[in-house]
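A.B. asks: Could you fit the two chains together into a complex? Lean on the hints.
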Amino acid sequence: MLELKDRLILFFKSFFLQSVFNYEKFQNIGLLFIISGFAKKIHPDREELKKFIERYNEIFNTQPYMAAFVIGNIIRMEYDKRNEKDIENIKQSLACAYASIGDRIFWSRLRVVVAQFTFIIFIILYFCCYNFGVAEITFVSVFVPTLFYAIYTLYIRYVGFLYGWNCGGEKNCGLDKFNWNRIIRMSSRAAFFLSVVMFLLVIFLYGFYYITSEKMIENLIYITIPFIGFFAQRYFRKDRKNIFYPVITVIVFSFVVCIFI
Amino acid sequence: MKTLFVIVLGSLINLDNVSAFQFLISRPSFVATILGYIAGYPLEGFLIGLLLELVILDFSPIGGTTIPNGTASAVVSVLLLGRINPYLCFIIGLFAGELYSYIEKYLRIFRNLFNRLVERQISSYDFNFGKLVILSMLCDFIVFAIYSYVVYFVFVSFSGFLNSNYLLNVSRVATLGILFVTLTSLYFKFKNQVRKNA
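Chain order of the listed sequences is A and B.
Counting in my numbering, the first sequence runs from 1 upward without gaps.
Counting in my numbering, the second sequence runs from 1001 upward without gaps.
Here chain B stands alone, though its shape is the one from the complex (with noise of 0.2 Å):
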């Protein structure tokens, strides 16, 4: 029952990052935070989106591109907190992100469907778009509900073999590599900024 409160929770706050508001409700550390509360890991969530957000800074949604989905990789990490090693949730939800990305493009082409639905609402002087709208989060609220379930419950499958220490030991030691990659990659896109603008 609360995983699949999670999950709700989770796929109605993904709505802000594309579809609705764009509050930042959805970046990974508040989504982590929040859903950690709820699933009993408060500070494993808060640190596990923390890192997953520092990743994920490295892109900009610029121009229409799409980029790892944090609240994805949040969604992920917190699901499986509890089942496997806090480090190995961590590095999933990371790549779970990243391929929700495709995903998420596949639904922007999917969207095409939508102009042809326009079309023929003008042509019969329908001019109201809100049900197109709402439609349209429908989808996006679906696909991310069962994306996440689908991910989550391959890796609560394997959670046994998942569970062993040399994975501990390499997911503990790759976390703390990841972390310094970000530091690194924040650091100097910055100094460049400012040199830039100087």
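Bound conformation, chain A alone (with noise of 0.2 Å):
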């Protein structure tokens, strides 16, 4: 079986899934690192051992920190002596459809919620308890969004160990354990709020620091900019250019308009 210590070792061995990341393998040499240490238990056997090695060095690429769900299931079919194609397709499938959920999970969704929440708890601070002081602000403001998503992902990873172990050898092993098009959902949804919230707490900032009526013509720049970021942006983004488009176009209109201030 596998005991809290090996358990244990796996798990702070995958956080170095991707120190080795290459573009003719992605992680091969970061799963040959976690798993090497479990292979040697197996496999005392040095010519098996080097035979087993030899079969896990190969492409292999997925998300991360959902990358345990896949190690789990096939060091048990390792370990249960499975056939070795069988555990290579249930790899290859694992891998893939992990990837693809962990992805739209904590990169395109979750990544941007903790950064909403740092503004967020930020201006909160900022304005409502100034008196202790910017630095504690700024560090509560980066740290606790931090945190909890730290302790989240952490979560996934040893969680994702024991499923996978547990049900070893399945297809859809994981796969049905958590509600992921909920949480996909719910997280697209939680995002989409804190953007409107940001929108709304930054024009007011804005309008309340920049926005005042000494110099008529700086007003005119300053009213007239969030319109051209804000239609740069759409206009880019309907050819599907990257963010950096419509940021030079930024730029170049503020070259322009500031030899008038």
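Rather than coming from a laboratory, the hints here were simulated on the basis of the structure.
Take these hints with a grain of salt, some might be off.
Simulated pairs of lysine-lysine, DSS-like, Cα-Cα distance not exceeding 25 Å [to be verified]:
#1 A:K177 - B:K1196
#2 A:K41 - B:K1131
#3 A:K50 - A:K85
#4 A:K40 - A:K85
Not the full set, but computed from the structure, chain B residues with beta-carbon under 10 Å of chain A [claimed, not checked]:
#5 L1015
#6 F1021
#7 L1057
#8 E1098
#9 L1107
#10 R1172
#11 K1196
In this text, a Cβ means the ideal position worked out from N, Cα and C, and glycines have one as well.
C.D. replies: In structure tokens, the structure reads:
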């Protein structure tokens, strides 16, 4: 069985899955690093161990947090001495499925939610608790959302090993343990709601700090610039250009209008 | 000495980006706040970091693609704080992060060589892959540190020219415009996702 010590070693080593990320075989060396200790236990014979390692020195690419589900599964299948071809097929199909789920949840949504919470916590603390001190406010704003995110990813990584181990050999291993679609839908909604809140807060603060009535020409520029940013983003997004296109447009616009300041 | 410390700490935190952990401590707002505090600019560091993060959130590191490196952006911006106006620090940092994504791509191509090392190790029955992991992270660390220092050095050399009043106004207006670009981008991105999921 997978003892607590083995589990913890696998768990710790899984943090380094992407350490030798390369374009030839992606995370293969990271995967070898994670499973080599376990492999030595189940294959005390050097030749068998070599064959085992050679089998895993192939293309492997998945989302780093979700890799635990795949790794738990394959080590269980290896432990049960399942057919090598079956193991390879299940490994690749699970790696693809979890990569897609993990990318959608973590990279496309939760990463954004963390930044949005940072912004909102900062605004609340900055205007409500100014006597805390600026450094303290900024530290709380960045640490709290990061800590929650890190704990959540640690949880997913740890339970991933357990689920993977427990259902080793099943093609839908772990895919039905969480309602991934619901998590994706909820995080999209949360991110959208926080985007609206951020937009409103920024518009309010921007008007308060920048639209003053001292210099007419400066006021005009400050009123215009949000619209330039908005329309530049919409124009370039139509052609699926990345954000640097509207950013450069705004910079060029700034060079022109600042001649008049 | 402080510059060196900021570069070393930034290079270590950068490992969180891809190589190890992925706890999001390498996100620009986190890095810029910590390094800004060390450099004596906690609020400026935080605000620049947050703005950088909003821009970089438009990219997702999906399927092995390289995206602008937020840590590089944050480190360069914080290093330049106090020498160049903070708005310009943000803009320079932003492009420094984008440039680093190309270096990251070459680093990944360079790491293909590690596959030859693995094959050699396997054929000689050496199954200790930890040393390759350490070697790779060391390469990452060194490349990042050198890059940060070079960009910092180049822009500090031109700081006299970059501190003109005109550039201060340009960078201030541009920074505000970029803020609205990022907010628009986030709003429509998630509006579409919510509509698709409905």
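A.B. asks: Does the nearest C-beta of chain A fall within a distance shorter than 10 Å of the C-beta of K1196 of chain B?
C.D. replies: This interface hint holds because 8 Å falls under the 10 Å limit.
A.B. asks: Against chain A, is L1057 of chain B within 10 Å by beta-carbon distance?
C.D. replies: holds, 5 Å
A.B. asks: Given a cut of 10 Å on the nearest C-beta pair, is the interface hint for L1107 of chain B held or broken against chain A?
C.D. replies: holds, 9 Å
A.B. asks: Check whether the Cα positions of K40 of chain A and K85 of chain A lie no farther apart than 25 Å.
C.D. replies: holds, 21 Å
A.B. asks: Min Cβ distance, R1172 of chain B to chain A: is it shorter than 10 Å?
C.D. replies: OK, holds: R1172 of chain B within 10 Å of chain A, min 8 Å.
A.B. asks: Does E1098 of chain B meet its interface restraint, that is, does its C-beta lie within less than 10 Å of any C-beta in chain A?
C.D. replies: holds, 7 Å
A.B. asks: Would you mind confirming whether the straight-line C-alpha gap from K50 of chain A to K85 of chain A stays at or under 25 Å?
C.D. replies: Holds, at roughly 17 Å.
A.B. asks: Does L1015 of chain B meet its interface restraint, that is, does its C-beta lie within less than 10 Å of any C-beta in chain A?
C.D. replies: Given a least distance of 8 Å, the restraint on L1015 of chain B holds.
A.B. asks: Please verify whether K177 of chain A and K1196 of chain B have alpha carbons no more than 25 Å apart.
C.D. replies: holds, 24 Å
A.B. asks: Restraint: F1021 of chain B near chain A, CB-CB cut 10 Å. Satisfied or not?
C.D. replies: holds, 5 Å
A.B. asks: Is the hinted pair K41 of chain A and K1131 of chain B satisfied, with a Cα-Cα distance of at most 25 Å?
C.D. replies: holds, 20 Å
Every hint, counting from the list given before, is met by this structure.
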